[in-house]
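Numbering (the numbering used here), first residue to last: 1 to 452.
One or more hints might be untrue.
Claimed, not checked - Now the in silico label distances, taken between C-beta atoms and shown as ranges:
hint	residue 1	residue 2	range
1	Phe45	Gln413	33 to 41 Å
2	Phe229	Lys452	32 to 40 Å
3	Thr44	Asp124	49 to 57 Å
Unchecked claim - Below, simulated BS3-like cross-link-like pairs (lysine-lysine); rule was C-alpha separation at most 27 Å, straight line:
hint	residue 1	residue 2
4	Lys280	Lys217
5	Lys282	Lys217
6	Lys47	Lys280
7	Lys407	Lys336
8	Lys280	Lys336
9	Lys395	Lys407
10	Lys198	Lys336
11	Lys452	Lys336
12	Lys434	Lys407
13	Lys47	Lys282
14	Lys336	Lys395
15	Lys434	Lys452
These are computed hints drawn from the structure, not numbers from a lab. Each residue gets a CB set at the ideal place from its N, CA and C atoms; glycine is no exception.
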Amino acid sequence: MKLPIGLVCLTLFVNVRSTPGAEALETDPALHLLFWDQDDVTNTFGKIVFGAESLQPESDTIGFPNMQFGCELPRSDGTAWIYGWRMANWEDRSRRAIEIVRCMTADGLHFTNTEIVASQTNQDWQGFANIIQRPTDGALFLFAWAPAALHVFRSYNGRDWQLLTAKAYGDHDAMCVIWYPPFGEFVNYQNTLQPFPKRYPDNIGAYRRVLSFRRSKDGVQWESFSPTFLMGESLWTPDAEDPVDLEFYRSIVFPNQSRYAMLLQDYLAPPPEANSRRAKTKHGPRSHVEWAISRDGLNWQRPHRETDATENTGGLPVQGPLTRNGVMRFYSPDGKAAVLPEDRIFYVTCRANGAFSTPLFAMPSTGLFLSANVLYAPAEGTTGRAYVMAELRDKSGGVIRGFERGKCLIANQDGHAIPLRWDTADGSALVGRKVRLRFYLRDARIYSVREK
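With the sequences and hints as input, model every part of the structure.
This is the structure:
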(Lines of atoms letter the chains of each structure in order from A and count residues from 1; the text may use other names and numbers.)
(Lines give C-alpha, C1' and ligand atoms only; values in the text may rest on other atoms or scores of the structure.)
Protein backbone atom coordinates (compact mmCIF):
# COMPACT_ATOMS: atom_id res chain seq x y z
CA MET A 1 0.00 0.00 0.00
CA LYS A 2 1.23 3.54 -0.78
CA LEU A 3 0.39 6.71 1.09
CA PRO A 4 1.88 10.21 0.74
CA ILE A 5 4.81 11.18 2.93
CA GLY A 6 3.91 13.16 6.01
CA LEU A 7 0.74 11.43 7.13
CA VAL A 8 0.25 11.82 10.85
CA CYS A 9 -3.00 10.75 12.51
CA LEU A 10 -4.07 12.28 15.78
CA THR A 11 -4.91 10.05 18.70
CA LEU A 12 -6.92 11.68 21.46
CA PHE A 13 -5.09 11.44 24.79
CA VAL A 14 -4.22 13.48 27.83
CA ASN A 15 -1.29 13.65 30.22
CA VAL A 16 -0.88 10.43 32.16
CA ARG A 17 0.95 9.12 35.18
CA SER A 18 4.54 8.13 34.58
CA THR A 19 4.18 4.99 36.70
CA PRO A 20 4.35 1.98 34.34
CA GLY A 21 1.03 0.17 34.14
CA ALA A 22 -0.94 2.90 35.87
CA GLU A 23 -4.66 2.53 35.12
CA ALA A 24 -5.83 6.10 35.67
CA LEU A 25 -5.53 9.32 33.75
CA GLU A 26 -3.70 12.20 35.42
CA THR A 27 -6.25 14.93 35.94
CA ASP A 28 -5.53 18.43 34.74
CA PRO A 29 -4.20 20.68 37.54
CA ALA A 30 -6.89 23.21 36.70
CA LEU A 31 -10.09 22.72 38.67
CA HIS A 32 -12.67 20.76 36.69
CA LEU A 33 -15.52 19.14 38.59
CA LEU A 34 -17.55 16.58 36.65
CA PHE A 35 -20.92 15.08 37.52
CA TRP A 36 -20.95 11.65 35.91
CA ASP A 37 -21.96 9.40 38.81
CA GLN A 38 -22.48 9.11 42.55
CA ASP A 39 -18.75 9.28 43.27
CA ASP A 40 -18.77 12.89 42.04
CA VAL A 41 -21.22 14.13 44.70
CA THR A 42 -21.74 13.91 48.46
CA ASN A 43 -24.46 14.61 51.00
CA THR A 44 -27.36 14.33 48.57
CA PHE A 45 -30.95 15.30 49.26
CA GLY A 46 -33.90 14.27 47.11
CA LYS A 47 -33.86 11.98 44.12
CA ILE A 48 -30.61 12.98 42.48
CA VAL A 49 -30.38 11.47 38.98
CA PHE A 50 -27.42 11.13 36.63
CA GLY A 51 -28.22 11.38 32.94
CA ALA A 52 -26.65 11.24 29.50
CA GLU A 53 -27.47 13.22 26.40
CA SER A 54 -28.35 11.65 23.08
CA LEU A 55 -26.40 12.58 19.97
CA GLN A 56 -28.13 15.18 17.84
CA PRO A 57 -28.38 15.34 14.05
CA GLU A 58 -26.60 18.15 12.29
CA SER A 59 -27.21 19.57 8.84
CA ASP A 60 -25.48 17.39 6.29
CA THR A 61 -21.81 18.05 5.80
CA ILE A 62 -20.71 19.38 2.43
CA GLY A 63 -18.30 17.25 0.43
CA PHE A 64 -17.71 14.50 3.00
CA PRO A 65 -16.71 11.44 0.94
CA ASN A 66 -18.22 7.98 1.15
CA MET A 67 -15.92 6.63 3.86
CA GLN A 68 -15.64 5.69 7.51
CA PHE A 69 -13.87 8.43 9.48
CA GLY A 70 -10.46 7.35 10.75
CA CYS A 71 -8.06 10.10 11.83
CA GLU A 72 -6.82 13.61 11.05
CA LEU A 73 -3.58 15.31 9.99
CA PRO A 74 -3.42 19.01 10.98
CA ARG A 75 -1.91 21.44 8.48
CA SER A 76 -0.04 24.67 9.12
CA ASP A 77 -2.81 26.77 7.55
CA GLY A 78 -5.40 25.66 10.12
CA THR A 79 -7.01 23.02 7.93
CA ALA A 80 -6.53 19.29 8.35
CA TRP A 81 -6.36 16.22 6.17
CA ILE A 82 -9.05 13.76 7.24
CA TYR A 83 -8.27 10.13 6.54
CA GLY A 84 -10.83 7.39 6.35
CA TRP A 85 -11.42 4.02 4.74
CA ARG A 86 -14.05 2.14 2.79
CA MET A 87 -14.59 -1.23 1.19
CA ALA A 88 -14.68 -1.17 -2.62
CA ASN A 89 -16.15 -3.74 -5.02
CA TRP A 90 -17.85 -5.57 -2.18
CA GLU A 91 -20.01 -7.79 -4.37
CA ASP A 92 -17.11 -8.83 -6.64
CA ARG A 93 -14.85 -10.74 -4.28
CA SER A 94 -12.06 -11.02 -6.82
CA ARG A 95 -11.72 -7.22 -6.73
CA ARG A 96 -12.76 -6.52 -3.13
CA ALA A 97 -10.42 -3.92 -1.65
CA ILE A 98 -9.98 -1.65 1.33
CA GLU A 99 -9.32 1.90 0.19
CA ILE A 100 -7.75 4.71 2.18
CA VAL A 101 -9.47 8.01 1.37
CA ARG A 102 -8.50 11.50 2.41
CA CYS A 103 -10.13 14.91 2.24
CA MET A 104 -9.52 18.34 3.74
CA THR A 105 -11.47 20.40 6.26
CA ALA A 106 -11.09 23.41 8.51
CA ASP A 107 -14.35 23.27 10.45
CA GLY A 108 -15.46 19.63 10.31
CA LEU A 109 -18.44 20.63 8.16
CA HIS A 110 -16.99 21.45 4.74
CA PHE A 111 -14.72 18.95 2.98
CA THR A 112 -12.69 19.34 -0.21
CA ASN A 113 -9.78 17.75 -2.11
CA THR A 114 -11.03 14.17 -1.81
CA GLU A 115 -8.76 11.46 -3.20
CA ILE A 116 -8.02 7.74 -2.83
CA VAL A 117 -4.45 7.43 -1.59
CA ALA A 118 -4.11 3.66 -1.06
CA SER A 119 -5.84 0.39 -1.89
CA GLN A 120 -5.27 -3.19 -0.77
CA THR A 121 -7.14 -6.08 -2.41
CA ASN A 122 -8.24 -9.14 -0.46
CA GLN A 123 -11.28 -11.20 -1.40
CA ASP A 124 -11.88 -12.00 2.26
CA TRP A 125 -12.03 -8.51 3.77
CA GLN A 126 -14.87 -8.50 6.29
CA GLY A 127 -15.63 -4.81 6.25
CA PHE A 128 -14.18 -3.66 9.57
CA ALA A 129 -10.96 -1.67 10.09
CA ASN A 130 -9.29 0.89 12.39
CA ILE A 131 -6.43 3.32 11.65
CA ILE A 132 -4.34 4.25 14.70
CA GLN A 133 -1.10 6.11 15.37
CA ARG A 134 1.44 4.91 17.91
CA PRO A 135 2.63 8.21 19.40
CA THR A 136 5.86 6.79 20.84
CA ASP A 137 7.42 6.63 17.37
CA GLY A 138 4.78 8.08 15.05
CA ALA A 139 4.16 4.75 13.32
CA LEU A 140 0.74 4.29 11.71
CA PHE A 141 -1.19 1.05 11.96
CA LEU A 142 -4.04 -0.27 9.89
CA PHE A 143 -5.98 -3.09 11.53
CA ALA A 144 -8.42 -4.98 9.30
CA TRP A 145 -10.27 -8.32 9.39
CA ALA A 146 -10.15 -10.96 6.63
CA PRO A 147 -11.82 -13.35 7.62
CA ALA A 148 -11.84 -13.91 11.37
CA ALA A 149 -8.14 -12.99 11.37
CA LEU A 150 -6.71 -9.58 12.24
CA HIS A 151 -4.37 -8.22 9.55
CA VAL A 152 -1.87 -5.59 10.70
CA PHE A 153 -0.10 -3.09 8.44
CA ARG A 154 2.46 -0.54 9.62
CA SER A 155 3.92 2.59 8.04
CA TYR A 156 6.64 4.88 9.37
CA ASN A 157 6.34 7.49 6.63
CA GLY A 158 2.66 7.26 5.70
CA ARG A 159 3.65 6.15 2.21
CA ASP A 160 5.09 2.66 2.44
CA TRP A 161 2.97 0.09 4.25
CA GLN A 162 4.29 -3.26 5.42
CA LEU A 163 2.08 -6.23 6.24
CA LEU A 164 3.31 -7.31 9.67
CA THR A 165 0.97 -10.25 9.99
CA ALA A 166 -2.07 -11.73 8.30
CA LYS A 167 -3.20 -13.30 11.55
CA ALA A 168 -2.44 -11.39 14.69
CA TYR A 169 -5.22 -13.42 16.27
CA GLY A 170 -8.59 -14.82 15.31
CA ASP A 171 -11.87 -13.52 16.68
CA HIS A 172 -15.05 -11.69 15.75
CA ASP A 173 -14.63 -8.68 13.44
CA ALA A 174 -16.01 -5.79 15.56
CA MET A 175 -13.36 -3.96 17.58
CA CYS A 176 -12.21 -0.58 18.86
CA VAL A 177 -8.45 0.00 19.05
CA ILE A 178 -7.06 3.03 20.87
CA TRP A 179 -3.60 4.05 22.05
CA TYR A 180 -3.68 3.82 25.85
CA PRO A 181 -1.02 6.10 27.43
CA PRO A 182 -1.00 4.57 30.93
CA PHE A 183 0.17 1.25 29.44
CA GLY A 184 2.15 2.76 26.58
CA GLU A 185 0.36 0.20 24.44
CA PHE A 186 -2.59 -0.36 22.17
CA VAL A 187 -5.76 -1.48 23.89
CA ASN A 188 -8.42 -3.25 21.87
CA TYR A 189 -12.01 -3.45 23.07
CA GLN A 190 -12.53 -6.63 21.08
CA ASN A 191 -15.92 -8.14 20.49
CA THR A 192 -15.92 -11.90 20.72
CA LEU A 193 -18.45 -14.73 20.55
CA GLN A 194 -19.52 -16.67 23.62
CA PRO A 195 -21.44 -19.96 23.39
CA PHE A 196 -24.90 -19.19 24.73
CA PRO A 197 -28.34 -20.87 24.73
CA LYS A 198 -29.71 -18.17 22.50
CA ARG A 199 -33.50 -18.15 22.21
CA TYR A 200 -33.38 -16.89 18.63
CA PRO A 201 -30.14 -17.94 16.90
CA ASP A 202 -29.30 -15.49 14.11
CA ASN A 203 -26.50 -15.36 11.56
CA ILE A 204 -23.90 -16.49 14.13
CA GLY A 205 -25.99 -19.34 15.54
CA ALA A 206 -25.99 -20.27 19.23
CA TYR A 207 -23.51 -17.61 20.31
CA ARG A 208 -23.84 -14.13 21.73
CA ARG A 209 -21.61 -11.13 21.13
CA VAL A 210 -19.71 -9.94 24.22
CA LEU A 211 -16.61 -7.81 24.89
CA SER A 212 -13.05 -8.77 25.76
CA PHE A 213 -9.88 -6.76 26.40
CA ARG A 214 -6.51 -7.12 24.65
CA ARG A 215 -3.29 -5.11 24.79
CA SER A 216 -0.21 -4.89 22.57
CA LYS A 217 2.97 -2.84 22.25
CA ASP A 218 3.63 -3.66 18.60
CA GLY A 219 0.11 -4.30 17.26
CA VAL A 220 1.10 -7.86 16.36
CA GLN A 221 1.51 -9.73 19.63
CA TRP A 222 -1.66 -9.36 21.66
CA GLU A 223 -2.30 -10.36 25.26
CA SER A 224 -5.75 -10.81 26.76
CA PHE A 225 -6.27 -9.22 30.17
CA SER A 226 -9.01 -8.79 32.71
CA PRO A 227 -9.65 -5.31 34.18
CA THR A 228 -10.46 -5.17 37.88
CA PHE A 229 -14.20 -4.67 37.39
CA LEU A 230 -14.48 -8.12 35.76
CA MET A 231 -13.24 -9.73 39.00
CA GLY A 232 -11.08 -12.26 37.22
CA GLU A 233 -13.48 -13.06 34.40
CA SER A 234 -12.16 -12.81 30.86
CA LEU A 235 -15.34 -11.50 29.22
CA TRP A 236 -17.54 -8.47 29.81
CA THR A 237 -21.05 -9.81 29.45
CA PRO A 238 -24.61 -8.53 30.00
CA ASP A 239 -25.84 -8.88 33.57
CA ALA A 240 -29.03 -9.46 35.52
CA GLU A 241 -30.21 -5.89 34.91
CA ASP A 242 -30.24 -6.47 31.15
CA PRO A 243 -32.85 -8.13 28.95
CA VAL A 244 -32.08 -11.84 28.74
CA ASP A 245 -31.41 -11.58 24.98
CA LEU A 246 -29.05 -8.58 25.08
CA GLU A 247 -25.61 -8.73 23.43
CA PHE A 248 -22.73 -6.26 23.15
CA TYR A 249 -22.43 -5.63 19.42
CA ARG A 250 -19.51 -3.16 19.25
CA SER A 251 -18.17 0.03 20.81
CA ILE A 252 -16.45 3.37 20.27
CA VAL A 253 -14.13 4.43 23.11
CA PHE A 254 -12.56 7.87 23.49
CA PRO A 255 -11.07 10.04 26.25
CA ASN A 256 -13.30 12.84 27.47
CA GLN A 257 -12.44 15.49 30.06
CA SER A 258 -9.72 13.37 31.73
CA ARG A 259 -11.98 10.30 31.76
CA TYR A 260 -13.26 7.90 29.13
CA ALA A 261 -16.62 7.53 27.45
CA MET A 262 -17.93 4.60 25.44
CA LEU A 263 -20.72 4.32 22.91
CA LEU A 264 -21.78 0.72 23.43
CA GLN A 265 -24.07 -0.70 20.78
CA ASP A 266 -26.41 -3.29 22.22
CA TYR A 267 -28.08 -5.93 20.08
CA LEU A 268 -31.18 -8.08 20.45
CA ALA A 269 -31.80 -10.93 18.02
CA PRO A 270 -35.54 -11.05 17.20
CA PRO A 271 -37.67 -14.13 16.51
CA PRO A 272 -37.05 -15.07 12.88
CA GLU A 273 -40.67 -14.41 11.95
CA ALA A 274 -40.39 -10.85 13.28
CA ASN A 275 -36.99 -10.02 11.81
CA SER A 276 -37.48 -7.00 9.58
CA ARG A 277 -34.42 -8.11 7.56
CA ARG A 278 -35.49 -11.73 7.18
CA ALA A 279 -35.71 -11.54 3.38
CA LYS A 280 -31.94 -10.94 3.18
CA THR A 281 -30.30 -12.24 6.35
CA LYS A 282 -30.82 -13.87 9.73
CA HIS A 283 -29.03 -10.89 11.28
CA GLY A 284 -31.49 -8.67 13.12
CA PRO A 285 -31.85 -4.88 12.72
CA ARG A 286 -29.75 -2.32 14.58
CA SER A 287 -30.46 -1.87 18.26
CA HIS A 288 -30.05 0.61 21.10
CA VAL A 289 -26.71 2.42 21.75
CA GLU A 290 -25.95 3.25 25.38
CA TRP A 291 -23.31 5.43 27.02
CA ALA A 292 -20.85 3.72 29.37
CA ILE A 293 -18.41 5.60 31.60
CA SER A 294 -14.96 4.98 33.03
CA ARG A 295 -12.41 6.91 35.02
CA ASP A 296 -9.48 4.93 33.60
CA GLY A 297 -10.69 3.47 30.31
CA LEU A 298 -10.53 -0.07 31.67
CA ASN A 299 -13.13 -0.35 34.42
CA TRP A 300 -16.59 0.46 33.19
CA GLN A 301 -20.04 1.32 34.51
CA ARG A 302 -23.30 1.30 32.58
CA PRO A 303 -25.58 3.78 34.37
CA HIS A 304 -27.40 4.94 31.21
CA ARG A 305 -28.81 1.70 29.82
CA GLU A 306 -32.22 3.19 29.13
CA THR A 307 -30.94 6.17 27.10
CA ASP A 308 -30.41 5.48 23.40
CA ALA A 309 -27.55 7.74 22.37
CA THR A 310 -28.54 7.36 18.70
CA GLU A 311 -32.32 7.63 18.94
CA ASN A 312 -32.22 10.92 17.00
CA THR A 313 -29.48 10.01 14.54
CA GLY A 314 -29.75 6.35 13.55
CA GLY A 315 -26.65 4.24 12.93
CA LEU A 316 -23.33 4.32 14.75
CA PRO A 317 -20.04 4.97 12.87
CA VAL A 318 -16.88 2.93 13.45
CA GLN A 319 -14.44 5.52 14.80
CA GLY A 320 -14.54 9.04 16.12
CA PRO A 321 -15.14 11.69 17.16
CA LEU A 322 -13.55 14.59 15.31
CA THR A 323 -13.73 17.64 17.59
CA ARG A 324 -13.81 21.23 16.36
CA ASN A 325 -14.56 24.31 18.48
CA GLY A 326 -15.77 22.18 21.38
CA VAL A 327 -18.18 20.10 19.28
CA MET A 328 -17.72 16.35 18.78
CA ARG A 329 -18.83 14.94 15.43
CA PHE A 330 -19.34 11.29 14.57
CA TYR A 331 -19.53 10.86 10.80
CA SER A 332 -21.51 8.36 8.76
CA PRO A 333 -20.35 7.42 5.24
CA ASP A 334 -23.34 9.30 3.80
CA GLY A 335 -21.92 12.57 5.12
CA LYS A 336 -24.30 13.00 8.04
CA ALA A 337 -22.87 13.97 11.42
CA ALA A 338 -24.12 13.12 14.89
CA VAL A 339 -22.97 15.79 17.34
CA LEU A 340 -22.66 16.82 20.98
CA PRO A 341 -20.61 19.45 22.79
CA GLU A 342 -17.56 17.66 24.18
CA ASP A 343 -18.31 18.94 27.69
CA ARG A 344 -22.00 17.98 27.63
CA ILE A 345 -22.42 14.23 27.54
CA PHE A 346 -23.20 13.51 31.21
CA TYR A 347 -25.03 15.55 33.83
CA VAL A 348 -26.73 15.51 37.21
CA THR A 349 -30.30 16.65 37.75
CA CYS A 350 -33.32 16.40 40.05
CA ARG A 351 -36.95 16.67 38.95
CA ALA A 352 -38.12 17.92 42.34
CA ASN A 353 -36.19 20.08 44.81
CA GLY A 354 -32.85 18.44 45.47
CA ALA A 355 -29.38 19.21 46.74
CA PHE A 356 -25.87 17.81 46.67
CA SER A 357 -22.33 18.85 47.55
CA THR A 358 -19.10 18.53 45.63
CA PRO A 359 -15.88 17.09 47.02
CA LEU A 360 -13.51 19.55 48.70
CA PHE A 361 -11.30 21.58 46.39
CA ALA A 362 -8.89 24.51 46.66
CA MET A 363 -10.60 27.70 45.58
CA PRO A 364 -8.90 29.05 42.43
CA SER A 365 -8.06 32.67 41.86
CA THR A 366 -10.19 32.91 38.72
CA GLY A 367 -13.57 32.25 40.29
CA LEU A 368 -15.91 29.42 39.31
CA PHE A 369 -17.84 28.82 36.09
CA LEU A 370 -20.78 26.51 35.66
CA SER A 371 -21.85 24.51 32.60
CA ALA A 372 -25.58 24.01 33.02
CA ASN A 373 -28.95 24.13 31.32
CA VAL A 374 -31.39 25.98 33.56
CA LEU A 375 -34.07 26.75 31.00
CA TYR A 376 -36.90 24.31 31.64
CA ALA A 377 -40.33 25.90 31.15
CA PRO A 378 -43.61 23.94 31.00
CA ALA A 379 -44.94 25.87 28.01
CA GLU A 380 -43.88 28.65 25.66
CA GLY A 381 -44.25 32.06 27.20
CA THR A 382 -44.49 30.77 30.76
CA THR A 383 -42.04 31.18 33.59
CA GLY A 384 -39.50 28.38 33.84
CA ARG A 385 -39.54 26.25 36.93
CA ALA A 386 -35.87 25.26 36.70
CA TYR A 387 -33.38 26.84 39.06
CA VAL A 388 -29.90 26.35 40.49
CA MET A 389 -28.63 27.92 43.68
CA ALA A 390 -25.06 27.51 44.91
CA GLU A 391 -23.40 28.17 48.22
CA LEU A 392 -19.83 27.77 49.41
CA ARG A 393 -19.09 25.70 52.48
CA ASP A 394 -15.91 25.23 54.47
CA LYS A 395 -14.24 21.87 55.09
CA SER A 396 -16.30 21.41 58.26
CA GLY A 397 -19.54 21.80 56.31
CA GLY A 398 -20.45 25.28 57.51
CA VAL A 399 -21.74 27.89 55.07
CA ILE A 400 -19.13 30.58 54.49
CA ARG A 401 -20.51 33.99 55.35
CA GLY A 402 -21.30 36.01 52.24
CA PHE A 403 -21.63 32.92 50.06
CA GLU A 404 -25.11 31.76 51.01
CA ARG A 405 -27.33 30.14 48.39
CA GLY A 406 -29.78 33.07 48.25
CA LYS A 407 -27.02 35.27 46.87
CA CYS A 408 -26.31 32.93 43.93
CA LEU A 409 -29.50 32.11 42.04
CA ILE A 410 -29.41 30.99 38.40
CA ALA A 411 -32.54 30.69 36.26
CA ASN A 412 -33.45 31.03 32.58
CA GLN A 413 -29.88 30.43 31.47
CA ASP A 414 -28.11 27.82 29.37
CA GLY A 415 -24.35 28.26 29.21
CA HIS A 416 -21.02 26.48 29.16
CA ALA A 417 -19.38 29.06 31.45
CA ILE A 418 -22.00 30.72 33.64
CA PRO A 419 -20.08 32.69 36.30
CA LEU A 420 -20.97 31.81 39.89
CA ARG A 421 -21.51 35.08 41.73
CA TRP A 422 -22.68 35.73 45.26
CA ASP A 423 -24.04 39.22 44.73
CA THR A 424 -20.81 40.75 43.40
CA ALA A 425 -18.36 38.28 44.98
CA ASP A 426 -16.89 35.50 42.81
CA GLY A 427 -15.06 33.60 45.56
CA SER A 428 -11.58 34.54 44.39
CA ALA A 429 -10.97 36.23 47.76
CA LEU A 430 -10.93 32.70 49.21
CA VAL A 431 -8.11 31.58 46.86
CA GLY A 432 -6.29 28.50 48.16
CA ARG A 433 -8.87 27.77 50.86
CA LYS A 434 -10.40 24.28 50.96
CA VAL A 435 -14.08 24.62 50.17
CA ARG A 436 -16.91 22.74 48.58
CA LEU A 437 -19.93 23.83 46.58
CA ARG A 438 -23.41 22.85 47.61
CA PHE A 439 -25.98 23.00 44.84
CA TYR A 440 -29.74 23.29 45.21
CA LEU A 441 -31.65 22.56 42.03
CA ARG A 442 -34.83 21.58 40.25
CA ASP A 443 -35.27 20.53 36.60
CA ALA A 444 -31.79 21.80 35.73
CA ARG A 445 -28.95 19.85 34.17
CA ILE A 446 -25.54 20.51 35.71
CA TYR A 447 -22.62 19.28 33.63
CA SER A 448 -19.47 20.63 35.24
CA VAL A 449 -17.73 23.40 37.18
CA ARG A 450 -14.43 24.87 36.01
CA GLU A 451 -12.14 27.60 37.19
CA LYS A 452 -11.97 29.21 33.78
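Each hint tested on the structure:
1. Phe45 / Gln413: 33 to 41 Å: violated, 23 Å
2. Phe229 / Lys452: 32 to 40 Å: holds, 34 Å
3. Thr44 / Asp124: 49 to 57 Å: The hinted range 49 to 57 Å holds for Thr44 and Asp124, with Cβ atoms some 54 Å apart.
4. Lys280 / Lys217: violated, 41 Å
5. Lys282 / Lys217: violated, 38 Å
6. Lys47 / Lys280: violated, 47 Å
7. Lys407 / Lys336: Cα-Cα ~45 Å, so violated.
8. Lys280 / Lys336: Holds, because 26 Å separates the two Cα atoms, which is no more than 27 Å.
9. Lys395 / Lys407: Since the Cα atoms of Lys395 and Lys407 sit roughly 20 Å apart, the hinted pair holds (cutoff 27 Å).
10. Lys198 / Lys336: violated, 35 Å
11. Lys452 / Lys336: violated, 33 Å
12. Lys434 / Lys407: holds, 20 Å
13. Lys47 / Lys282: With a Cα-Cα distance of about 43 Å, the restraint between Lys47 and Lys282 is violated, given a limit of 27 Å.
14. Lys336 / Lys395: violated, 49 Å
15. Lys434 / Lys452: Between Lys434 and Lys452 the Cα gap is close to 18 Å, so the pair holds against 27 Å.
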